[in-house]
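Enquirer: With chain X held as given, fit chain Z with the ligand onto it using these hints.
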Amino acid sequence: MHLDPDAEQQGVIDAVRDLLAHASTPHSGPAAVGSAGLDRPALAALAGNGFLDVAADGAPGDHLNAVLVIEQGEQAAAAVPIASRALVAPYLGPGEGWPDAIGLAYGDGSVVRYGADVDVVLLLDGASVRRLTAEDYDVEPIRSRMAYPLARVIVRPGRSGVAVGGSDAAARLTRAWRSALAAELAGAMVRAVEVARAHVTVRTQFGRPIGSFQAVAHRLADAYVTAQACTWLARRAAWDLDNDLSAAVAATYATAMAQNVFDSVHQVVGAVGFTTEFDLQRSTMRIPVLLAELGGPATHARAVSRIKWRSAAVGERTSA
Amino acid sequence: MDFDWSPEESHLRATVRQVVLDHAPPDWTSRSRDVFTPELLAASKRVCRALADAYVWIPHWPAEYGGRDASVWEQLIIGEELWGAGEPRGPQYMNTNWVAPAIIAAGTEAQRDRYLPAIAAGDVLWCQGFSEPDAGSDLASLRTSAVREGDSYVVNGQKIWTSYAHVAQHCFLLVRTDASAKKHDGISILLVPMDLPGIEVREVTSIIGPHAVHEIFFADVRVPVDCLLGEENGGWPLIRKVLAHERVGAARFERASRVLDQAMRSLPDGPVDEVAAGRAFAACEAARALAYAAVQDRGAGRDRSATANATRVGNVAAERAVARVLSDEAGQQALVAGDPADEQLTVSLPVSISSGTLEVQLDLVARLGLDLPRA
Ligand SMILES: Cc1cc2nc3c(=O)[nH]c(=O)nc-3n(C[C@H](O)[C@H](O)[C@H](O)COP(=O)(O)OP(=O)(O)OC[C@H]3O[C@@H](n4cnc5c(N)ncnc54)[C@H](O)[C@@H]3O)c2cc1C
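In order, the protein sequence lines correspond to chains X and Z. Counted from 1, the first sequence has number 714 at position 63 by my numbering; the numbering is strictly sequential. Counted from 1, the second sequence has number 226 at position 224 by my numbering; the numbering is strictly sequential.
None of these hints come from the bench; they were simulated from the model. Source: prediction; values computed, not measured. Treat the hints with care, as some may be off.
[Claimed, not checked] Listed next, with one range per pair, are the computed distances between beta-carbon atoms:
1) Z:R150 to X:D914: 24 to 32 angstroms
2) X:G760 to Z:D330: 50 to 58 angstroms
3) Z:A377 to X:D914: 22 to 30 angstroms
[Stated by the list, open to error] To list a few chain X residues with every Cβ distance to chain Z over 10 angstroms, as calculated:
4) D657
5) A674
6) D713
7) V790
8) R803
9) V844
10) R848
11) R859
[Stated by the list, open to error] Derived coverage of chain X by chain Z (criterion: at least 3 residues anywhere in the stretch with Cβ under 8 angstroms from a Cβ of chain Z; other residues may be distant):
12) 755 to 762
13) 890 to 900
14) 952 to 960
Cβ coordinates follow ideal geometry from the N, Cα and C atoms, glycine included.
Isolated chain X, as found in the complex (with noise of 0.2 angstroms):
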C-alpha cells in the first residue's frame, strides 16, 4: 500500500491539468442550457498527447491512470467525455480502435451525455453491450439546466449495431462505469469545494469572512471530507477494476453524499451561486447528470447489498 503519486501518475495529473488549462475552450455564459457541446479542440489535445490512450493495455495501474486524467477532466470541469473513451471502452474491449467521443447510454431512449456529438455509443441493453454508430441511432437533444450538454438516444427500428465486450460485457461495463461515475462526482466535488472555498474566505458579513463562521465552516468541511472519501474510494475501484464490490461502493458512496455536497456548497456561497457567471454551478449542475446515470443510486446500493448478501441473486458476480 502506497498512495502517494508515483512520478508516472504525478506526471498524468500535471500533464492534464496543463493541457486542460491550455486547450479547453473557455467557459462563459449559461451552464449548459442551449450551450455548445463537446469541446473537440480539448478533446483532440487530450487524444494527441495520448491520454485517451492510458488505459489502452489493460493493466490495472493504468486503470487508475484513466482514473486520474478523469479526476481533472472535472476538477477544469472541461467539455470532454474523457471517462468512456479513456476507461470504459478500452475495459470493454481492447483494441477496439475507438473514436475518441463516446456516450454510454443505460438503455434505449435513456439520456446521454454528449448524446449529440459523439462518434459511438455503448448501450447497456439488458445483458448484452451494443456499439451503436450513427446510422444506428436517432438523437433528441434535450433541454436542461445541466452543465453537461445532453441527449436521448434513441435506437432506429431493425438496428441494433454491433455487440462487443464478450459474454460478461454488461458486467464489466457497469465496473467501469460505476468507477467512473465515482471518479467523475469526485471530481466535480473537489472543484465545487475548492470553488466555495476560495469564495467564503473573502466573502465578508458581519465584518469578518464567511468562512470562519462555524457554521459555514463545518458544512464545507463535512463536504471536504466527502469529497476526499469519493476520491480515494474511486481510485481504489479504478486498482481493482475487475472487482464488483469496489467499484459497487464507490458509486454508492459517491451517489449517496453528492447531493449533500452540492446543498452545502451552494448553501456557504448564497445567491451569487446560483448565478451563470459565478464559477459553481459548472461543476454543480453536473452532479445531478451523473446521480441518475447507470441507474441512479438506489441501484448502486442496492448491488452492494447482493454482492455482499445474496451473492447468489440477480446475476451480480462477487469477487469479494
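Expert: Showing chain Z with the ligand alone in chain X's frame:
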C-alpha cells in the same frame, strides 16, 4: 499509488487474525474492552501476551526497546484486525499506541527503563487523565494543579470521563504547573501511580455500559518529581502529538463493517432495506479510505494534514449508519440489552464525543484541509 498489500503485510494480518482466533474469548465485544469483570481483564492480558509471543504486540516500537520499527501500514493492519475484533487487547491498546511512544519520545532513560518493560510484557494498565468537569473540548483550560514541594509534586483536582481508571496502575495525567502562564504554556504531564495515597476512583454510571467512564479525585497526592514526562510546563506540544497518534489509532470502520456484515448474514433473506445496508457498508469503506490517506500522510511525516481528523468524521458517519441499519432491521429486538443492534447503538453513541468531538474535528479540517480563516 498502489493499493496492494505486500506478502509480508498479508502475512502479518493473518498472524494477528490467528492470535485473535486462538486467544480472544469468542464472545468478546467492543463493550468487553472496558474490562468490567476480572475474567475480561484476565482474558485481555492473555491476548496481549499471545500477541507478544507472536511478535505482533509492539513491532512499531524502535528496535532498541524491543520493537522492529514496523511501518505505519503494519500498525494499521494490527489496528484493523484488533479493533475489528472488538479490541481484545482491552485497555492496553492505548499503551502500545500512544503511551509508550510518548515515553520513548520524551522520557528520561530511567523512565523508559521503568515503564517500557511492563508495557512490553502486556501486563500493565494505564488510563488517560485529560478531561475535567470544566475542561472538555477546551482541554487546555484544565485546572488540576501540581505544585512542586521538595522532590514531589502535590496534586489536587479532579479528572472525569476517564476510561479504565478502575483497573489502571498508572495514569497519564495532565496537570497545571504554572497557573500564571498562558493556558497552553502552564501544562505538564505526570506519570502517576494510581495507588498513591489521596487518589480516589469512582465509576460514573452511564447508558454506555458498566465501567465505561470514571472520575478520579486527587487530594494532596504527592507524586515524585521523577514522574514528570518531558519539560515542566512543556506538556501541551507533546499532548498534541499524542492525540494525533490516538486519532489515527482506532480502526472503527473495520469493526463497524464486521458488525454490519455479521448482522446482515444472520438475516435469511438478506437485509430488508438493501439500499440502507449497501450505503452503510459504503460509509465504512469511505472511512477506511480516509484512514488510509491519514496513514499515508503520517508515514510521510505530513503533520499538518487534515486526514486524521477527516478519518474521525468518516468514522462517525460509518458507526451511525451501521447502528441505524441494525436497529431498523432488528425492530423491537433492538431494544433488548445485548442484542447486536443495542450494542452498536451504545458503541456508536460516544464516537462523536470521545477523543475530541466531531465539531472539534470539523474545526481542524476547516483549518488544516481548507485553510479557512479562524473566528
Ligand atoms: C466513552 C468516553 C470515554 C472517554 N474517555 C476519556 C478518557 O479516558 N480520558 C479523558 O481524559 N477523557 C475521556 N473522555 C472525555 C472526552 O475526551 C470528552 O468528552 C471530549 O473531549 C468532549 O468534552 P465534553 O464531553 O466536556 O464536551 P464539551 O466540550 O462540553 O462539548 C459539548 C458540545 O459542545 C461542542 N463544543 C464545545 N466547544 C465547541 C467549539 N469551540 N465549537 C463548536 N462546538 C463546541 C462540542 O463539540 C459538543 O458537541 C471520554 C468520553 C467518553 C464519552
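Enquirer: Are the hints correct? Go through all of them and say.
Expert: Verification of the hints:
1. Look at Z:R150 against X:D914: about 55 angstroms separates their beta carbons, and that is not inside 24 to 32 angstroms.
2. Separation of X:G760 from Z:D330 is about 36 angstroms and departs from the stated range, judged on CB atoms against 50 to 58 angstroms.
3. At roughly 23 angstroms, the beta-carbon separation of Z:A377 and X:D914 lies within the given 22 to 30 angstroms, and the hint holds.
4. Here X:D657 does not stay apart from chain Z, with its beta-carbon only about 7 angstroms from theirs, under the 10 angstroms limit.
5. With 10 angstroms as the threshold on Cβ separation, the claim that X:A674 sits away from chain Z holds: the shortest Cβ distance comes to roughly 25 angstroms.
6. Separation of X:D713 from chain Z is adequate, the least Cβ-Cβ distance of about 12 angstroms exceeding the 10 angstroms criterion.
7. Residue-level check passed: X:V790 sits 33 angstroms from the nearest beta carbon of chain Z, beyond 10 angstroms.
8. Non-interface call for X:R803 relative to chain Z: holds, since the shortest CB-CB distance, roughly 27 angstroms, exceeds 10 angstroms.
9. Look at X:V844: its CB is around 8 angstroms from the nearest CB on chain Z, not clear of 10 angstroms, so calling it non-interface is violated.
10. The beta carbon of X:R848 sits about 5 angstroms from the closest Cβ of chain Z, which is not more than 10 angstroms, so the claim that it is off the interface is violated.
11. With 10 angstroms as the threshold on Cβ separation, the claim that X:R859 sits away from chain Z is violated: the shortest Cβ distance comes to roughly 8 angstroms.
12. For the segment 755 to 762 of chain X, the proposed coverage by chain Z is not satisfied: 0 residues have a C-beta within less than 8 angstroms of a C-beta in that chain, short of the threshold of three.
13. Counting residues of the segment 890 to 900 of chain X whose beta carbon lies closer than 8 angstroms to any beta carbon of chain Z gives 4, which reaches the threshold of three, so the coverage claim holds.
14. Counting residues of the segment 952 to 960 of chain X whose CB lies closer than 8 angstroms to any CB of chain Z gives 8, so the stated coverage by that chain holds, three being the minimum.
In summary, the numbered hints that this structure violates are 1, 2, 4, 9, 10, 11, 12.
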